[in-house]
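Participant: Order-wise, the sequence lines are chains A and B.
First residue of the first sequence? That's 10 in the numbering used here, and the numbers climb one at a time after it.
First residue of the second sequence? That's 10 in the numbering used here, and the numbers climb one at a time after it.
Accuracy of the hints is not assured; some may be wrong.
If chains are identical, the list can't say which one is meant, so a pair holds when it fits in one copy or spans any two.
[What the hints assert, rightly or not] In silico DSSO-like cross-links for lysine-lysine, where the CA-CA straight-line distance does not exceed 30 Å:
1) Lys11 <-> Lys90
2) Lys172 <-> Lys11
3) Lys30 <-> Lys90
4) Lys11 <-> Lys112
5) Lys155 <-> Lys15
6) Lys15 <-> Lys121
7) Lys14 <-> Lys121
8) Lys15 <-> Lys125
9) Lys125 <-> Lys11
10) Lys112 <-> Lys80
11) Lys80 <-> Lys110
12) Lys121 <-> Lys30
13) Lys125 <-> Lys30
14) Lys11 <-> Lys121
15) Lys15 <-> Lys172
16) Lys112 <-> Lys172
I should point out that these hints are in silico values taken from the structure, not numbers from a laboratory.
Protein chains: 2
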Amino acid sequence: MKLLKKRITEEGRALSESILKVDSFLNHQIEPALIDLIAGEFCRRFADRTFNKILTVESSGIAPAVLTGLKMNLPVVFAKKAKPSTMNEEYFTAPVHSFTKQKDYDIAVSSKFIRKGERVLIIDDFLAHGSASRALIAIAEQGGAKVDGIGIVIEKGFQNGGKLLRELGYRIESLAIIEEMSENMIRFRN
Amino acid sequence: MKLLKKRITEEGRALSESILKVDSFLNHQIEPALIDLIAGEFCRRFADRTFNKILTVESSGIAPAVLTGLKMNLPVVFAKKAKPSTMNEEYFTAPVHSFTKQKDYDIAVSSKFIRKGERVLIIDDFLAHGSASRALIAIAEQGGAKVDGIGIVIEKGFQNGGKLLRELGYRIESLAIIEEMSENMIRFRN
Numbered sequence: 010m011k012l013l014k015k016r017i018t019e020e021g022r023a024l025s026e027s028i029l030k031v032d033s034f035l036n037h038q039i040e041p042a043l044i045d046l047i048a049g050e051f052c053r054r055f056a057d058r059t060f061n062k063i064l065t066v067e068s069s070g071i072a073p074a075v076l077t078g079l080k081m082n083l084p085v086v087f088a089k090k091a092k093p094s095t096m097n098e099e100y101f102t103a104p105v106h107s108f109t110k111q112k113d114y115d116i117a118v119s120s121k122f123i124r125k126g127e128r129v130l131i132i133d134d135f136l137a138h139g140s141a142s143r144a145l146i147a148i149a150e151q152g153g154a155k156v157d158g159i160g161i162v163i164e165k166g167f168q169n170g171g172k173l174l175r176e177l178g179y180r181i182e183s184l185a186i187i188e189e190m191s192e193n194m195i196r197f198r199n
Numbered sequence: 010m011k012l013l014k015k016r017i018t019e020e021g022r023a024l025s026e027s028i029l030k031v032d033s034f035l036n037h038q039i040e041p042a043l044i045d046l047i048a049g050e051f052c053r054r055f056a057d058r059t060f061n062k063i064l065t066v067e068s069s070g071i072a073p074a075v076l077t078g079l080k081m082n083l084p085v086v087f088a089k090k091a092k093p094s095t096m097n098e099e100y101f102t103a104p105v106h107s108f109t110k111q112k113d114y115d116i117a118v119s120s121k122f123i124r125k126g127e128r129v130l131i132i133d134d135f136l137a138h139g140s141a142s143r144a145l146i147a148i149a150e151q152g153g154a155k156v157d158g159i160g161i162v163i164e165k166g167f168q169n170g171g172k173l174l175r176e177l178g179y180r181i182e183s184l185a186i187i188e189e190m191s192e193n194m195i196r197f198r199n
């Protein structure tokens, strides 16, 4: 997605060879008009598939997931990073390791929002090692649902999450894949 | 907002006299089409004011804030509940006390996303004691911005946040104000 790559080039900052900061439009300040175009691109790329639900994880996945859900007319469920005090029913959990934050945590989804046989579209802002996507897949499977597509705004192609998930047969549509980056340089995969 | 009150009545569950669970359309599962109508209602109610930015707090404020931002053509900034590892620049913080979770935490916004003289619209899912709204006001003020409106999806009218903020002169537009609730009963303010 040309416009997205342009914005990443102009405003993104590689803090190291693995951490990219895009907080001016995606994950701290959000530019709704750009995220709306991103949602439209997800619709275009997944036009050949039918889904029942969008699954994402708080917080930065919510904006692209909700705008995609609006266009696809689908409910969006966001996994929570901590079991909330008001979540007193049964829930599915799976562990996530954040390499950026160097910590482990569980994400949780109430079991009532994953139904057997549902086809799920995962939407997330980043794909790096794939830990969050694999946790969302595990949660969907716990409820008997099937992940039929994964839409990613920015994939770090130099980390192995995308490769692993594609080898497992998942259809991943990443709108910008970064092949390599360092301070002052971001190179995209063609 | 009639449709919202209907959905709260049908799907909301008062877990106690102060905790309301609306996780089927607002803060765990999200129904984008309903949030889009909510965003339209915020636009209608604040049509007489001009804003430069929408401010919210992760995670449940993001969906209504982004859909409102899309309609108003404004950037959205969401305050983070923990200072992220990629937030290495100057930031504004303010303390929040969550009565639901019985804990204190700071929220943070990078100083580069609050500019002097900006008029800010706060959007959030709930207003109860007003702790999150007051923290967002404090953050806006640290950056020399001014909060010119507060849009709330559900106000707990039996708690004092709305009263206090209105007495301080803030214009609050709450789409549903709950006057009283208990298990199996939710009564709205007219």
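Participant: What are the numbers of the hints that this structure violates, sorted from low to high?
Facilitator: When the structure is compared with the hints, numbers 1, 4, 5, 9, 10, 11 turn out to be violated.
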